[in-house]
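Asker: Sequence:
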Amino acid sequence: MGSLLSENFPVERLSQPQYNVKVEKDAYVRMRDGIRVAVDVYRPDAPGKFPVLYASSCYIKDLVYLPPVTTYHNRETNDINWFVQRGYVYVNADVRGTGKSEGIWKFHSEAEQKDHYDLIEWMAQQPWSTGRVGMIGESYFGWTQWFAATQQPPHLVTIVPFDAGADMYRDVVYHGGLLGMGFLTWWHFNLRANHIFDRPGPHPPELMTWDMVYEVLNHPTYDTFWEERTVDFAHITVPVYGIGMWHKIGLHLRGNLRGFEELNGPKKLLVCWGEYVGDEMAIFNSLEMRLEMLRWYDHWLKDNDTGMMKEPPVKIAVRNSDEGYRFEKEWPLKRAQYTPFYLHPGPAGAVDSLNDGGLSLDSPDLEGSSFTFEYPNPEWSGWSGIGTAKFINGLPNPAIKILTFSSEPLKEDLEVTGPITLILYASSTMKDQDIYLRVVDQEPDPLQQRGVIPPKGKILTRGWLKASHREKDPKLSKPYQPYYTHKNPSPIEPGKVYKYEVDVWPTSNLFRKGHRIRIDLSNGDSPAFDFGGHHYGLKLGKDTLYHDKDHPSHVILPVIPR
Numbered sequence: 004m005g006s007l008l009s010e011n012f013p014v015e016r017l018s019q020p021q022y023n024v025k026v027e028k029d030a031y032v033r034m035r036d037g038i039r040v041a042v043d044v045y046r047p048d049a050p051g052k053f054p055v056l057y058a059s060s061c062y063i064k065d066l067v068y069l070p071p072v073t074t075y076h077n078r079e080t081n082d083i084n085w086f087v088q089r090g091y092v093y094v095n096a097d098v099r100g101t102g103k104s105e106g107i108w109k110f111h112s113e114a115e116q117k118d119h120y121d122l123i124e125w126m127a128q129q130p131w132s133t134g135r136v137g138m139i140g141e142s143y144f145g146w147t148q149w150f151a152a153t154q155q156p157p158h159l160v161t162i163v164p165f166d167a168g169a170d171m172y173r174d175v176v177y178h179g180g181l182l183g184m185g186f187l188t189w190w191h192f193n194l195r196a197n198h199i200f201d202r203p204g205p206h207p208p209e210l211m212t213w214d215m216v217y218e219v220l221n222h223p224t225y226d227t228f229w230e231e232r233t234v235d236f237a238h239i240t241v242p243v244y245g246i247g248m249w250h251k252i253g254l255h256l257r258g259n260l261r262g263f264e265e266l267n268g269p270k271k272l273l274v275c276w277g278e279y280v281g282d283e284m285a286i287f288n289s290l291e292m293r294l295e296m297l298r299w300y301d302h303w304l305k306d307n308d309t310g311m312m313k314e315p316p317v318k319i320a321v322r323n324s325d326e327g328y329r330f331e332k333e334w335p336l337k338r339a340q341y342t343p344f345y346l347h348p349g350p351a352g353a354v355d356s357l358n359d360g361g362l363s364l365d366s367p368d369l370e371g372s373s374f375t376f377e378y379p380n381p382e383w384s385g386w387s388g389i390g391t392a393k394f395i396n397g398l399p400n401p402a403i404k405i406l407t408f409s410s411e412p413l414k415e416d417l418e419v420t421g422p423i424t425l426i427l428y429a430s431s432t433m434k435d436q437d438i439y440l441r442v443v444d445q446e447p448d449p450l451q452q453r454g455v456i457p458p459k460g461k462i463l464t465r466g467w468l469k470a471s472h473r474e475k476d477p478k479l480s481k482p483y484q485p486y487y488t489h490k491n492p493s494p495i496e497p498g499k500v501y502k503y504e505v506d507v508w509p510t511s512n513l514f515r516k517g518h519r520i521r522i523d524l525s526n527g528d529s530p531a532f533d534f535g536g537h538h539y540g541l542k543l544g545k546d547t548l549y550h551d552k553d554h555p556s557h558v559i560l561p562v563i564p565r
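Using my numbering, read the sequence shown as starting at 4 and increasing by one per residue.
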């Protein structure tokens with residue numbers, strides 16, 4: 004696709020490389036509670052004062068020599084020397100309790116958030132500093148930017164959170180109230196292993212002793228533990244350039260989107276086209292992205308009018324489109340037409356699944372139309388035997404043992420950009436019910452093997468809801484997007500039909516002519532296809548999904564006129 008840089012991008016007006024780099028390793032800065040935090044300072048080897056870029060994470064600053072590839076997911080600082088050569092000081096810190104810093108790590112704790120304030124004010128007082136500090140970094144480095152900005156340190160001027168979530172409960176750990184185990188356990192175990200096995204020198208006895216998994220399991224609802232680790236955008240006043248990735252569903256994307264919606268100060272939003280884990284690292288470390296961020300930093304930290312604030316505030320890439328990046332005036336897009344696509348019994352002739360249901364603009368006129376499935380299905384495959392895919396001839400098929408609802412092949416291109424909601428009428432023999440949804444762009448595939456391999460397609464986004472967590476927050480919910488409280492779980496009555504509003508993460512995609520829009524529904528993950536697989540639990544029962552004139556289940560898609 005095209006360049007993410009704007010037409011007539013002013014490269015010549017940006018800071019140019021002119022400095023050698025001087026490095027001061029392992030400077031210790033004392034925090035307000037006496038703990039010392041270790042930082043590395045990279046600065047131009049020249050007299051004078053320079054603006055500062057601050058990066059902070061739990062990923063061991065001494066491993067910065069590793070290449071920025073997916074094998075080393077912690078290389079999320081970008082090219083430090085590149086920015087220093089252009090007249091910036093770059094400070095890279097180990098957050099408390101990680102790397103060489105003292106204390107106990109309790110990810111994004113209140114103490115860690117206050118440390119950002121103290122570190123930024125320390126940087127502002129150094130002889131090499133102009134007193135103007137910005138922040139930089141991806142993933143955890145992006146989360147720390149949100150939290151630092153909420154502390155409102157006087158010398159923090161701007162942040163650029165790249166691929167950065169903002170609500171640890173809803174965005175990462177308990178999607179729709181469902182415990183996400185795959186990413187969390189892998190990430191925490193890997194982080195602890197890096198500290199124990201790869202950290203240079205001896206490690207203090209308190210290093211990585213806090214049991215994050217225990218804390219997560221003992222806080223299954225949204226309580227003060229999670230409130231402490233959720234960004235309050237109302238407390239952020241500095242200019243923000245939020246940069247997200249469409250494919251980071253169930254982890255980071257919503258932080259950048261919600262941030263733009265809720266921030267009141269100067270702000271911009273860029274959402275990039277990504278398909279696979281690792282694309283975000285490649286884009287973040289590209290020359291184009293460095294130039295884009297430099298343009299922002301030069302504007303706010305060097306008073307260099309790069310023309311950036313004269314452009315529209317939003318820039319997005321529409322997946323599967325040939326138009327490249329385009330500017331928008333707002334997010335979500337005001338011209339979006341929130342269009343209901345109704346679930347039908349089928350057969351649609353689209354894919355081999357439990358039901359091969361249909362999806363259309365026509366409201367159902369049938370009576371008593373529903374589908375009941377039992378679980379667990381004895382043919383499901385996966386880690387520890389739990390997973391909604393089935394292996395056939397050694398190949399995992401993610402659709403054959405779940406419910407699908409597919410449109411007819413589209414007669415013309417259709418763009419969907421924005422938040423999505425599923426309205427689902429369902430009942431269960433259990434006192435709780437788990438709803439998992441995938442939105443799929445299904446391509447024409449003459450090579451598919453019916454009953455073995457499903458048609459070629461792309462999972463665009465996902466939604467989740469645990470029925471007992473269905474309570475919405477009326478103040479934070481929007482007509483196009485429910486917002487759950489997750490504070491007062493309430494069991495359901497077995498056999499009773501409930502109307503659920505399932506929040507589906509936003510996306511942007513051009514469904515091409517001849518493609519189908521497909522909705523996958525199940526009550527569990529397939530570890531082979533779903534990022535961060537969820538805890539299935541010891542559940543045994545029957546769920547019924549309804550799609551008749553009295554229970555018109557439908558998915559609401561934000562269709563963009565073209």
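It should be emphasised that the hints constitute simulated quantities derived from the structure, not laboratory data.
Heads up, some of the hints might be wrong.
To be verified - Taking lysine-lysine pairs in the BS3-like style, the calculated list, with each CA pair at most 27 Å apart, reads:
1) K434 - K545
2) K434 - K542
3) K478 - K414
4) K313 - K332
5) K414 - K337
6) K117 - K270
7) K393 - K542
8) K270 - K318
9) K332 - K270
10) K270 - K542
11) K313 - K414
12) K499 - K475
13) K337 - K270
14) K318 - K461
15) K461 - K393
16) K478 - K502
17) K332 - K478
18) K434 - K313
19) K305 - K25
20) K393 - K475
21) K552 - K502
22) K270 - K305
23) K332 - K271
Asker: Does each hint fit the structure? Answer for all of them.
Answerer: Hints and how they fare:
Distance hint between K434 and K545 is fulfilled; the C-alpha atoms sit about 11 Å from each other, no more than 27 Å. This hinted pair checks out: K434 and K542 have alpha carbons roughly 10 Å apart, not beyond 27 Å. In summary, the hint linking K478 to K414 is not supported, as the alpha carbons are separated by about 39 Å, beyond the 27 Å threshold. Using a Cα cut-off of 27 Å, the hinted pair K313 and K332 holds, with the two alpha carbons roughly 12 Å apart.
Only pairs whose Cα atoms come within 27 Å are accepted, and K414 paired with K337 is accepted, the gap being roughly 25 Å. Taking the CA atoms of K117 and K270, the gap is about 24 Å. The hint holds against a cut of 27 Å. Only pairs whose Cα atoms come within 27 Å are accepted, and K393 paired with K542 is accepted, the gap being roughly 19 Å. Taken as a hint, the K270 and K318 pair is honoured in the structure, with Cα atoms around 12 Å apart against an allowance of 27 Å.
Between K332 and K270 the CA atoms are separated by roughly 12 Å; this keeps the pair inside 27 Å, and the hint holds. A distance of roughly 45 Å separates the Cα atoms of K270 and K542; the hinted pair therefore is violated under the 27 Å criterion. A C-alpha spacing of about 39 Å is found between K313 and K414, which places the hinted pair above 27 Å, so the restraint is violated. Simply put, K499 and K475 have alpha-carbon atoms about 19 Å apart, close enough for the 27 Å limit, and the pair holds.
For the given pair, K337 sits about 18 Å from K270 by alpha-carbon distance, which is consistent with the 27 Å threshold. For the hint pairing K318 with K461, the CA-to-CA distance comes to about 23 Å; that is within 27 Å, so the pair holds. For the hint linking K461 to K393, the alpha-carbon distance of about 18 Å falls within 27 Å, and the restraint holds. Between K478 and K502 the CA atoms are separated by roughly 20 Å; this keeps the pair inside 27 Å, and the hint holds.
With a CA separation close to 25 Å, the supplied pair K332 and K478 stays within the 27 Å bound. Pair hint K434 plus K313 does not hold up; C-alpha atoms about 55 Å apart against a cutoff of 27 Å. With a CA separation close to 21 Å, the supplied pair K305 and K25 stays within the 27 Å bound. In summary, the hint linking K393 to K475 is not supported, as the alpha carbons are separated by about 35 Å, beyond the 27 Å threshold.
Note on K552 and K502: the hinted pairing holds, with a Cα-Cα distance of about 14 Å set against a maximum of 27 Å. Between the alpha carbons of K270 and K305 the distance comes to roughly 18 Å, so the proposed pair stays at or under 27 Å and holds. A C-alpha spacing of about 10 Å is found between K332 and K271, which places the hinted pair at or below 27 Å, so the restraint holds.
The structure does not agree with the numbered hints 3, 10, 11, 18, 20 stated previously, though it agrees with the rest.
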